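Undergrad: Spelled out, the chains give:
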Amino acid sequence: MNIHEYQAKQLFKKYNVPTPRGHIALTPDEAVKAAQELGGTIWVVKAQIHAGGRGLGGGVKLARSTEEVRALAHEILGMQLVTHQTGPEGKLVQKVYIEEGADIAKEYYLGILLDRASEMPVMMASTEGGMAIEDVAHDSPEKIIKVSIDPLTGFQSFHGRKLAFGLGLPVAEINTFIKFASALYKVYMDHDAEMIEINPLIKTGDGKFLALDAKMGFDNNALYRQNEVHEMRDLSEEEPTEIEAGQYGLSYIKLDGDVGCMVNGAGLAMGTMDTINYEGGRPANFLDVGGSASAETVAKGFEIILKDPNVKAIFVNIFGGIVRCDRVANGILDATKLTKVDVPVIVRLDGTNAVEAADILNNAGISNIIAATDLADGARKAVAAAKGA
Amino acid sequence: MSILVNKDTKVIVQGFTGKEGTFHAEQCLAYGTKIVGGVTPGKGGQEHLGQPVFNTVADAVASTGATVSMIFVPPAFVSDAVMEAADAGITLAVIITEGAPVKDMMYAKAYATKKNMMTIGPNCPGIITADECKIGIMPGFIFKKGNIGLISKSGTLTYESANQVVKEGFGITTAVGIGGDPIIGLSYKQLLPMFEADPETHAIVMIGEIGGDLEIQAAAYIKEHITKPVVAFIAGQTAPAGKRMGHAGAIISGGAGTAAEKMAALEAAGVKVVVSPADIGKAIAEVMNK
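Order-wise, the sequence lines are chains G and L. Just so we're aligned, residue 4 is where the first sequence starts under the working numbering, counting upward by one. Just so we're aligned, residue 84 is where the second sequence starts under the working numbering, counting upward by one.
Hints are computed from structural coordinates only; laboratory data are not their basis. Since this is a predicted model, take the numbers as computed values, not measurements. Treat the hints with caution; some may be incorrect.
Claimed, not checked - Below, computed lysine-lysine pairings styled on DSS-like, alpha-carbon distance capped at 30 Å:
hint: 1; chain 1: G; residue 1: K218; chain 2: L; residue 2: K228
hint: 2; chain 1: L; residue 1: K306; chain 2: L; residue 2: K228
hint: 3; chain 1: G; residue 1: K149; chain 2: L; residue 2: K306
hint: 4; chain 1: G; residue 1: K257; chain 2: G; residue 2: K109
hint: 5; chain 1: G; residue 1: K189; chain 2: L; residue 2: K198
hint: 6; chain 1: L; residue 1: K326; chain 2: G; residue 2: K98
What the hints assert, rightly or not - Partial selection, computed: residues in chain G whose CB lies under 8 Å from chain L:
hint: 7; residue: Y18
hint: 8; residue: S68
hint: 9; residue: E70
hint: 10; residue: A74
hint: 11; residue: R119
hint: 12; residue: E122
hint: 13; residue: E131
hint: 14; residue: G133
hint: 15; residue: M134
hint: 16; residue: V139
hint: 17; residue: D195
hint: 18; residue: G268
hint: 19; residue: G283
hint: 20; residue: P286
Claimed, not checked - Pairwise CB distance ranges, derived in the manner of DEER restraints:
hint: 21; chain 1: L; residue 1: A339; chain 2: G; residue 2: G249; range: 20 to 30 Å
hint: 22; chain 1: L; residue 1: N138; chain 2: G; residue 2: A175; range: 22 to 32 Å
hint: 23; chain 1: G; residue 1: S160; chain 2: L; residue 2: G125; range: 38 to 48 Å
hint: 24; chain 1: L; residue 1: G252; chain 2: G; residue 2: E241; range: 28 to 38 Å
hint: 25; chain 1: L; residue 1: E350; chain 2: G; residue 2: L59; range: 48 to 58 Å
Heads up, the beta-carbon is just placed ideally off N, CA and C, and yes, glycines get one too.
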């Protein structure tokens, strides 16, 4: 789960990670009020969406008067903001964050994420603030300084010193930086974060560090104990069908092909997409129906897959283990009664009682259900059906 | 021969009397696994599935001599259960539970490592040595005895591969489902040398997926140390970047962890990489009949 910049900054403030002052606004009037409350002569109007690259897309703009704040808020609120992370359709901006202008002397990058290789959080800093860190990592990896932090002992001053000296900070600023980094580590650990990214982290003219931007993602498995974070979830930032699938215990991700897939298990679901691709077709989705593959989940799966008008055929690929295939076959037949399925459905059931399952499907006499013998056969038939062959 | 577990391995179950624990422990017993007891705090002294229930893992180990624990406790209690097992002298914990917080696993694994306890999982089907010992939730009948070792991040792809291997006339020594979470226990790099050392294992199937770099590490290891043929499939060639594909760890982030880079690394290490998972069995037949 991800949150907005302004929400991440709320968490930062609680842990004394310095950020510029700011207020959230849903309307141009609120934006003006926010600017007046902040005072000063320069403000930044920032679109709040869950995607990077907002500045380049025209979603972050500088205002030098409250009239300009109003005009910019009016322009940004309601726009479909397109960035390199949103896809061509962009994302609707429903909130703007009005922030006081900052005196930027130097920009840096600072982030924390889980390093899966060392199985520890790793803090990364770079002098290339404002750039996409992936590009820096690719083009000039020597410009990224990394420290692994043992979770059993936590953040130590030496971690901070290694980063600060690596960034070439003057000695007088080292302790300020260490304090900042140490507080940020606490934010990360205490909230079961998966990643924090501050890009840019700025140094002001008077030598202070401020998180000018803030991006946070969280471990979904830990949300049950992170109420504050959980309440920050913004469902309007997520795909409606993915949310709906989740409510039924299904894991669904829409893709742009025309062969719908319904599979048990995440690995086999990906493998099924790959097989469809290998056989010359294009998968329309990832869908893991979970271990049980009952009539209800299969029916819901059909319903969700068929919400995508591009779907021309559905490949049901179930490897029955503990679940018996004959039960799954009956589930599929029941599901076609619960949900109208008007595209060809290619069914491959393997594992326990696979032969009985094939008989059940063949004897049901439903013309658009086609039995397949194995993974490759099923994928081939599904690709052919989608092409209208 | 086999790796890690066999017909003599004594196993206890943490979360023994719960719904999942009961169902799968029963299946394991039916397969022939030596389940010698279980742990459910507060139910010590009772009997369940004909086996004794203990309040603590320490009690269970002292009384049964178990060395392996199969863990079915709910996600919020997984790290506690893993650490209790490590503290009690268990040498291998097989963590089936799905949905454990990553931070908990970070702590639990660090503790387990300190106590010299190996872990498998979490969020995995477990481990099976064909015809001898099943510790997990996989359908046992698929795994006919033979000479192929299997390591996989995915449950159903494990079954799919084992099934294909058997259809080609071969069988399995031991199959290990290592799980698809960001932090897991034993991985390719630790399991490959075990299969290399096992005289019964003649070839290895390795199933990976997008996310992380365990497969890349495996490729480097194979290149240097593995002489037996390895067949690999990497799931998620068609997965979009930045999207989590069911497994918590299956995500391409910052352009890293793609199927393409893993396939290339494995190929460069001399592994027979199949593009379609439907070709795993055929690939094994090819390397075995050479």
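Undergrad: Decide, hint by hint, whether the structure agrees.
TA: For each hint, the structure was consulted:
At roughly 51 Å between alpha-carbon atoms, G:K218 and L:K228 are farther apart than 30 Å, so this suggested pair is violated. As the CA atoms of L:K306 and L:K228 are separated by approximately 28 Å, the hinted pair is consistent with the 30 Å bound. In summary, the hint linking G:K149 to L:K306 is supported, as the alpha carbons are separated by about 28 Å, within the 30 Å threshold. Taking the CA atoms of G:K257 and G:K109, the gap is about 41 Å. The hint is violated against a cut of 30 Å.
Between G:K189 and L:K198 the alpha-carbon distance is near 27 Å, which keeps this suggested pair within the 30 Å criterion. Taking the CA atoms of L:K326 and G:K98, the gap is about 24 Å. The hint holds against a cut of 30 Å. Hint status for G:Y18 relative to chain L: violated, with the closest Cβ pair at about 17 Å, above 8 Å. Look at G:S68: its Cβ only gets to about 38 Å from chain L, farther than 8 Å, so that hint breaks.
Checking G:E70 against chain L by beta carbon gives a least distance of about 39 Å; that is not within 8 Å, so the hint is violated. At its closest, the beta carbon of G:A74 sits 34 Å from a beta carbon of chain L; the interface hint therefore is violated under the 8 Å criterion. Because the closest C-beta pair between G:R119 and chain L is about 4 Å apart, less than 8 Å, the hint holds. Restraint check, G:E122 versus chain L: the minimum CB separation of about 5 Å is within 8 Å; hint holds.
A hinted interface residue such as G:E131 counts as satisfied when its beta carbon comes closer than 8 Å to some beta carbon of chain L; here the least separation is about 14 Å, so the hint is violated. Evaluation of the G:G133 hint against chain L yields a violated restraint, the C-beta minimum of about 17 Å exceeding 8 Å. Restraint check, G:M134 versus chain L: the minimum CB separation of about 13 Å is more than 8 Å; hint violated. Taken as an interface hint, G:V139 does not check out: its beta carbon lies about 11 Å from the nearest beta carbon of chain L, beyond 8 Å.
A hinted interface residue such as G:D195 counts as satisfied when its beta carbon comes closer than 8 Å to some beta carbon of chain L; here the least separation is about 5 Å, so the hint holds. With a cut of 8 Å, the hint placing G:G268 at the interface with chain L holds, because the nearest CB-to-CB distance is about 3 Å. Evaluation of the G:G283 hint against chain L yields a violated restraint, the C-beta minimum of about 11 Å exceeding 8 Å. For G:P286, the interface hint holds, the least distance from its beta-carbon to any beta-carbon of chain L being 6 Å, beneath 8 Å.
For the pair L:A339 and G:G249, the supplied restraint of 20 to 30 Å holds, since their beta-carbon distance comes to about 26 Å. Between L:N138 and G:A175 the C-beta distance comes to about 58 Å, which lies outside the given range of 22 to 32 Å. Evaluation of the 38 to 48 Å hint for G:S160 and L:G125 yields a pass: the beta carbon distance comes to about 45 Å. At about 48 Å, the beta-carbon gap between L:G252 and G:E241 misses the expected band of 28 to 38 Å.
Roughly 37 Å separates the CB atoms of L:E350 and G:L59, a value that falls outside the hinted 48 to 58 Å.
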